[in-house]
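Student: Sequence:
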Amino acid sequence: MKKINLEGKSLLVVGAGGFIGGFIAAEGLRRGMKVTVAVRESTSRRYLTDQRLEFLVLDYDDRDSMTAAIAAAPRWDYIIYNLGATKCMNYVDFKRINYGYLRTFTEVLTETGHVPSRLLFMSSLSALGPGDEKNYTPLSGDTFPNPDTRYGQSKIMAEQHLEHFAGIPYIIFRPTGVYGPHEKDYLMMIKSIDSHFDFGVGFRKQMLTFIYVDDLVNAMFDALEAGVENRKYIISENRAYTQKEFRDIVARELGGKWVIPVKLPIWAVWTASAVAEKIAKWRCSTSTLNRDKFKIMRQRNWNADISDAVAEFGFNPQVDLREGVHRTVEAYRAAKKRK
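According to my numbering, the sequence shown is numbered sequentially starting from 741.
No lab work stands behind these hints, which were simulated from the structure alone.
With a straight-line cut-off of 20 angstroms between C-alpha atoms, the simulated SDA-like cross-links for lysine to any residue are:
1) Lys-984 x Gly-917
2) Lys-1033 x Met-928
3) Lys-1033 x Glu-873
4) Lys-997 x Ser-932
5) Lys-743 x Leu-769
6) Lys-774 x Arg-815
7) Lys-1003 x Phe-939
Turn these sequences into a full structure, and let the hints guide you.
Tutor: Have a look at this one:
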């Protein structure tokens, strides 16, 4: 397959204000693309400061205003759709945001003549569900999706919309846990280890996989350059880690701190998740710890088979967990100094 030159092509990044969005926009500029970032009126632009960026303000809950905004803009050659919710006050919001917004967006693209050459959709490894938790067979392109979380179910609905109804050439990425500077959930784990405690869920072996944000973003553009179409890919570092390995790597980067590993029984974590969720709803906010996230934490097998991505667009992650944690901890320390 002939490699596509992205230089000079136009790119729309949907969901550009989040953790990954700023990295996508920056990489698009680095590759010589004309980058437009789609944001809400209220979206923080903290990581979108490059003067070369164009801004498109979209209200995903107002179809008419979205249609008018997109119709008034030039057609983009490529779209990376990174918009999504990982935690919600109400579970129905997962479907509304992760599936409903995508469906409306793709319908508007068709109606306004803005169908791109490719739309790359950021799904999640959670779309596949727990997988084999006895023999720890890696999750792969052949794994039948059976998500057990509202988050995962909303992602598989969005995938199916692209596959069967949207009529737009697509690429679907199913990344495992994404980490790096500015990410918050893994930062909580680093902060906990920095405080000498590492909390684990359950007593059975758990295999964890990770992907550093730079490797994920590079993979997006490599897939676009390769010209792959209507395909789904698992994106991960090409190995798994135990909780102890993760803890030891973080502790070493924090200066060799002593850490007390605390294994919490499943029932205790479920109880804490339910209580935290109720408190968050009472405060009209979201909680990182909730019953949907509990199911993700309970999952034992996050082994990932990335062979399809390797074979079809040369995916080759460069940042292993040790180096990625080093970069993340350095950013964490720099932020502590600024405070």
